[in-house]
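Trainee: Letter by letter, the chains look like this.
Number of protein chains: 2
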Amino acid sequence: MQNSQILSHVITDPNAIENQSLQIIHAKISGKYSGQRENLDIIKRVIHATADFDFLENLSFTENVIFNTREILRAGKNHAIVTDTEMLKSGINKSIAQKFGIEIYCDSSSPEIKLEAQERKITRAIVNIEHAAEKFPNAIYAIGNAPTALIRLCELVQEKAANPALIIGVPVGFVNVIEAKNFLETLANIPKIISRGNKGGSTVACAIVNAILYGL
Amino acid sequence: MQNSQILSHVITDPNAIENQSLQIIHAKISGKYSGQRENLDIIKRVIHATADFDFLENLSFTENVIFNTREILRAGKNHAIVTDTEMLKSGINKSIAQKFGIEIYCDSSSPEIKLEAQERKITRAIVNIEHAAEKFPNAIYAIGNAPTALIRLCELVQEKAANPALIIGVPVGFVNVIEAKNFLETLANIPKIISRGNKGGSTVACAIVNAILYGL
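Chains as they are written, first to last, in our numbering: chain U, 1 to 216; chain H, 1001 to 1216.
Since the hints were made in silico from the structure, they are not lab data.
For every residue, glycine included, the Cβ atom is placed at its ideal position computed from N, Cα and C.
Check before you lean on any hint, since a few could be wrong.
Simulated restraints, written as ranges between beta carbons of each label pair [claimed, not checked]:
(1) H:S1109 / U:E134: 22 to 32 Å
(2) H:E1159 / U:N163: 49 to 59 Å
(3) U:I178 / H:S1034: 27 to 37 Å
(4) U:Y33 / H:S1034: 56 to 66 Å
(5) U:I178 / H:K1094: 23 to 33 Å
(6) U:E119 / H:I1178: 26 to 36 Å
(7) U:N78 / H:S1109: 18 to 28 Å
(8) H:I1072 / U:T186: 29 to 39 Å
(9) H:F1100 / U:L115: 19 to 29 Å
(10) H:N1019 / U:E134: 27 to 37 Å
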C-alpha cells in the first residue's frame, strides 16, 4: 500500500516521533528538576507515556537507583523482572530483555493462580507475587496496578523471603494505594522508585522499566 | 500460604476493592457531569485506572455511543475489537469478550508487520491498522498509543475502506496527537470516544473498552 496523502504531512518515522516528543518534554521541564540526571531520563519517559507533568513532582528515587540497577542487569546473571499484571508484562521491551538474558515473569492469569485467589478470597496479584518471590527472590519487581501485591511484597521483604534488586512501586487508585506506598517507603536498604500519591498505573510502570532497559 | 498480618488490616477482596474505589470516585465527581449517564460509567473507570480527574473534562462521546455499542456487541455477529498495541490487547477482559464471541485483534508485533514498517519507514501501528481494516472494516477500533495509526484509520474511513462501529481515539503524547484527534472529530457518522488534548494512553483505552464490556 502507498503511504497516504495526509500522513505525508506529519512525521511518521518512529524514531523521529520519539525524539521530537522527548525534546518537547525536555523543554517543558528544563531546570525544574534538582535530582540525579539519570532519574530525569526516567521521568521524561513517564511523561511521554502519560502526558502528565505531575510525575515530575510525584516520582521519588533512592540514591543511584538507576545507575545501580543498570549495572546489575548488565552483569547478566539470569535476572528477572516480575510484574503484577499481564498488561505490564506485555508492554516491556522484549528484544532488549532477551539480549541481556532477562526473564519477564507474571503468572497472574494462570488457572492455578485464579483458583488459589478464589479459594483464599484475595487478589490474584497477591498470589502471583508470592509465587514470584519463591522463584525470583532477588528480581526487579514492578507493581503498576495492584496495591495489595505491593503490600504483600513488602511483607515478604520484612520476613526475609524476598530481597529485590529494585521495587518499582507505582500502583494507581484510591483503596490501599497510599498505604502500600508508605509501607514501601519504610523498607530500608531496598532500592526503590515510587509514584507518591494516588497516581501510577501499568503504563507508568512500563515506561520506567523500558527507560531503564533503553539505557543498558 | 496463610494470609498475612498486615494484609488482614486492609481490604483484599477484589470486588470489595473495586466497589469502594468506584464509590470514592463517584463521591468526588458527583454532580459535576452533565452528559449521558452511561458516559459517566466509562469516565469513572478511566479515573479508576489513572487517578486523574482531568478525564472528567477531557473525554467526549458522540450521542448514545455507549448504549449503541453495547447493543451491537450483544447482537453477537462475529465482532472484533482492534487495538493499536499488544499491551492494550493484553489488558482487555478476555472472558467477557469470549462470552460474546468478540475477537481481540492486534498484529503489530508480528515479524511481517515489523518488516513492512521498516521497509516503508512508518510505524508498525500504521501497518497494523491497514491490515486490520482489510480483515475487520466494521470493528471497534481502540487507539491508545499511536496517533499515526489513528490518522491512517481516519483516512481509511474517508476512503470508505473502513466503517468502524466505534473509534476510541485516545492516543497520548506531544507529536501528531492533537492533529489525529482533530481529524477524528471531522468524521461524520462515526461513533467515537475521544480524550481531548495530549492525555490518553493504553490504560485509558483499556479502561474504556472494559467498561463497555462490563455493561454487556
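Trainee: Now look at each hint and say whether the structure bears it out.
Mentor: Results of checking the hints against the structure:
In this structure the supplied range 22 to 32 Å holds for H:S1109 paired with U:E134, their Cβ-Cβ distance being about 30 Å. As the Cβ distance of H:E1159 to U:N163 is approximately 57 Å, the hint placing it in 49 to 59 Å holds. Against the hinted window of 27 to 37 Å, the Cβ-Cβ separation of U:I178 and H:S1034 comes to about 31 Å, which satisfies the hint. Here the CB-CB span from U:Y33 to H:S1034 is close to 39 Å, at odds with the stated 56 to 66 Å.
The beta-carbon spacing between U:I178 and H:K1094, approximately 31 Å, falls within the hinted interval of 23 to 33 Å. Distance hint for U:E119 and H:I1178: a CB-CB separation of about 49 Å, inconsistent with the stated range 26 to 36 Å. For U:N78 and H:S1109, the hinted distance range of 18 to 28 Å is satisfied, since their beta carbons lie about 25 Å from each other. About 50 Å separates the C-beta atoms of H:I1072 and U:T186, a value inconsistent with the hinted range of 29 to 39 Å.
Hint check: H:F1100 to U:L115, Cβ distance near 24 Å, so the stated range 19 to 29 Å holds. The hinted range of 27 to 37 Å is satisfied by H:N1019 and U:E134, whose Cβ atoms lie roughly 31 Å apart.
Comparing the model with each numbered hint stated earlier shows that hints 4, 6 and 8 do not hold.
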